[in-house]
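Q: As a plain string of letters, each chain reads:
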Amino acid sequence: MASLDDLKKRIASVKSTQKITKAMKMVAAAKLRRAQESAEKGRPYSEKMNNIILNLSIGISDKENAPKLLSGTGQEKTHLCVVMTSDRGLCGGFNSNIIKKAKSYFSKILNEGKELKIITVGSKGNDQLKRVYGEKIIENISFKESKNANYFDADKVGKMVIEKFEAGEFDVCTIFYNQFKNVITQIPQAQQVIPLNNEGGESSSEETYEFEPDEDEILSNLLPKNISTQIFKAMLENSASEQGSRMSAMDNATRNAGEMVDKLTIEYNRSRQAAITKELIEIISGAESL
Amino acid sequence: MSEEFKVEIVNPEKSFLVKDDVSEVVVPAFEGEMGILKDHISIISFLKPGIIKIMSKSGDENYYVEDGIVEFKNNNLSILTSTIFNLADIDKSKQQDLLKQAEEEAKTDINDQSKYLADQKVEVLKTLN
Numbered sequence: 340m341a342s343l344d345d346l347k348k349r350i351a352s353v354k355s356t357q358k359i360t361k362a363m364k365m366v367a368a369a370k371l372r373r374a375q376e377s378a379e380k381g382r383p384y385s386e387k388m389n390n391i392i393l394n395l396s397i398g399i400s401d402k403e404n405a406p407k408l409l410s411g412t413g414q415e416k417t418h419l420c421v422v423m424t425s426d427r428g429l430c431g432g433f434n435s436n437i438i439k440k441a442k443s444y445f446s447k448i449l450n451e452g453k454e455l456k457i458i459t460v461g462s463k464g465n466d467q468l469k470r471v472y473g474e475k476i477i478e479n480i481s482f483k484e485s486k487n488a489n490y491f492d493a494d495k496v497g498k499m500v501i502e503k504f505e506a507g508e509f510d511v512c513t514i515f516y517n518q519f520k521n522v523i524t525q526i527p528q529a530q531q532v533i534p535l536n537n538e539g540g541e542s543s544s545e546e547t548y549e550f551e552p553d554e555d556e557i558l559s560n561l562l563p564k565n566i567s568t569q570i571f572k573a574m575l576e577n578s579a580s581e582q583g584s585r586m587s588a589m590d591n592a593t594r595n596a597g598e599m600v601d602k603l604t605i606e607y608n609r610s611r612q613a614a615i616t617k618e619l620i621e622i623i624s625g626a627e628s629l
Numbered sequence: 269m270s271e272e273f274k275v276e277i278v279n280p281e282k283s284f285l286v287k288d289d290v291s292e293v294v295v296p297a298f299e300g301e302m303g304i305l306k307d308h309i310s311i312i313s314f315l316k317p318g319i320i321k322i323m324s325k326s327g328d329e330n331y332y333v334e335d336g337i338v339e340f341k342n343n344n345l346s347i348l349t350s351t352i353f354n355l356a357d358i359d360k361s362k363q364q365d366l367l368k369q370a371e372e373e374a375k376t377d378i379n380d381q382s383k384y385l386a387d388q389k390v391e392v393l394k395t396l397n
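Protein chains in written order, with the working numbering: chain X, 340 to 629; chain U, 269 to 397.
Next comes chain X alone, as it looks inside the complex:
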């Protein structure tokens, strides 16, 4: 049995851990509010963008010659996966959920005999993937310096994806991120961005638009922007999810630490009492023998 001193030390250490997790929880809660707000504010842009593209792609006259970003290269040999994770740990299952989703997709693709390329955004994803898929990772980006998700970072990733697409390095591009539903639920998502997946997209209006310049030119200008927008949206959702996930993880940790402190305190009191009783018995039996 641990000595009284040891128990005392353990209680102190668990208590200080509890302080840390409590502080982290509160920080995450504050950040969560901000992240959630910006995720909500960012929605109109991506929705409007989606709408315009939808209207455009319906109105497009020449389907054969549609931009490749919209219709694809005509084959699906090489898949590019952009896996978006956080740069920091201690956020529960946040990163592992994305990785799990991504890994099952990877093995599906590899089983079909297709080629796989990976871009990781965020260092945690890179850490987890490089052991198994090390040689598949072609690029690793991390935005440790930027405090909040911002559009310019997303644009950087988007431009890189477009560049690689135009160089013919891949045919299909999918991004992986966590969609923020609420503080305790984040849903890992796989979203295909190239070629554009317009499923479930019925145009709200039958109205015809006037285009200036023509559709093709607008589309070829718009589609690269859409990639950046989608990536930005994913980044916003991700940062809200990360904070939410960290908050609930830290909340759990704080509670567990509290339970542990209780348990240890009981054990400490018991052994203290036992020692006192033992001493008393010794004194009494010593006195009796006289």
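Hint data in this document are derived by calculation from the structure and do not stem from the laboratory.
A hint or two may mislead.
[Stated by the list, open to error] Just so you have them, the derived chain X footprint on chain U, three or more residues with Cβ under 8 Å:
#, stretch
1, 279 to 290
2, 293 to 300
3, 312 to 318
4, 324 to 333
5, 343 to 356
[Stated by the list, open to error] In silico negatives: residues of chain U with every beta carbon more than 12 Å from chain X:
#, residue
6, 276
7, 363
8, 375
9, 394
10, 395
Predicted, not measured: the structure shown is a model, and the values here were computed from it.
Idealized CB from N, CA, C, for every residue including glycine.
The hints should help you fit chain U onto chain X, whose structure is shown.
A: This is chain U only, laid out in the frame that chain X set:
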């Protein structure tokens, strides 16, 4: 009959501006400046660097944009842009910064279209000063 319509400017971070008492908007469309009045035909176009002028009862406002898309439908004008500044909010030094940035961009070895856009930026910013 009122001659007003609604304009909404959104950038990726947030909804930048919503106004529903605008009488005319002039946007720097790709093929030249384009004035939009009420009951304009539905149109989609994209922007080159330039000045958006919004005229309303409460006064005129000018915004500097670097890129974007405009969509006009049912008397709703949506402008999506990633870079926008209210000219009333940016002072001379900020303008100089933007100009310097644009000039650097124009100097670097880039393809024709981006060069054209960068040159446009320089030109617009110079006229501001």
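Q: Just pull the numbers of the violated hints for me, sorted ascending.
A: 4, 6
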